[in-house]
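The sequence shown begins at 3 in this note's numbering and counts up one residue at a time.
Among these hints, one or two may not hold up.
Derived CB-CB ranges, DEER-like [what the hints assert, rightly or not]:
(1) Tyr309 / Thr260: 21 to 31 Å
(2) Glu58 / Gly328: 32 to 42 Å
(3) Arg326 / Ala61: 20 to 30 Å
(4) Glu281 / Asp115: 30 to 40 Å
(5) Ser222 / Glu51: 44 to 54 Å
(6) Gly156 / Arg263: 44 to 54 Å
(7) Gly296 / Asp64: 14 to 24 Å
(8) Leu280 / Asp105: 42 to 52 Å
(9) Asp64 / Gly156: 20 to 30 Å
(10) Val330 / Asp55: 45 to 55 Å
(11) Phe37 / Phe245: 46 to 56 Å
(12) Ala221 / Tyr264: 45 to 55 Å
Source of the hints: derived by calculation from the structure; they are not laboratory data.
Here the structure is a predicted model, which is why all the values come from computation and not from measurement.
Cβ atoms here follow ideal geometry from the backbone N, Cα and C, with glycine treated the same way.
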Amino acid sequence: MIRTAVLGAGRIGQVHASAVAASRLAQLVVVVDPFEEAAKSLAERIGCEAATDPLEVIARDDIDAVIIGTPTDTHVHLMLKAVEAGKAVLCEKPVDLDIAKVDEALRQLEDKDVPVMLAFNRRFDPSAAAMRQAIDAGEIGDVHQVVITSRDPGMPPEGYVQASGGIFRDMTIHDFDMARWLLGEEPTEVLATASRLVSPDLVEKYDDYDTVMVVMRTASGKQCHINNSRKAVYGYDQRMEVFGSNGMLLNDNLRPSTLRRYNQDQTEVHDPLLNFFLERYDDAFRAELEAFFGAVGSGKPVPVTPYDGRQALHLANCALESVRTGKVVKV
């Protein structure tokens, strides 16, 4: 059993703590949060220790792995401290909002023989994983186009908007990672457009956007189109399409059930979409942790690296530059 500490008792920390507690490969030893009541509340609910000092927990001899679900500006510091202590790390995205800081962290990790995985959970969604497997099996021939739609059910709180680094770095960054993964090549050109349509006053206050589209191209000519919105009134809209020389793969939205209703007034009436990422990607979070613990236990490479996080952040920065200049940006 891999003895694990979860750093952060907020929303994502609670997700990880619950998944670790349910894992057959790991033991949740402690949850850590500077807000003592938050740590205690989560620890009591799950059945583990609570602590307030992450560095003290990282240094403990009874901890083998650390999951970092703390605010973004703490990720690099905690990651490097854990690696120095010989602890395996699963870190939430992004590594940092400053790509120079990310590059320096990657440089420091180069000669360290400690597993460090970045938490791009959508790769582990069962439907997305099946899509990647179908591509690898040649079911649709050569990939030509990837189309990704990701729309949230509503604007996040103002505090989140203020600290997120902007829609490209906190929301589209998942789609940049999925694009790289599904295309099988690095994008070399980025063209983006962005608008303030959902909450103009709020996003303008923080020089951000709430509605964006991105078009990317690889060196071989493969294309990707991403579209995001902070507010879809019908729910959490998550769809992906991969078009190839011999066919197409479509990853559609999930609903609570597959039941459809027909009557004299309506046909094809479905249940609403799953409400938010916690429900939509519950299986993905669990599979992500199992992949992490599996790599740690077997000594095999982790499936998602800090470099993947660096590349997704770089694409986010290129998209923002494209919005501000109105030009195609070379990656």
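Exercise. Which numbered hints turn out to be false for this structure?
Worked result: Hints 1, 2, 3, 6, 8, 9 are the ones this structure does not satisfy, whereas the remaining hints hold.
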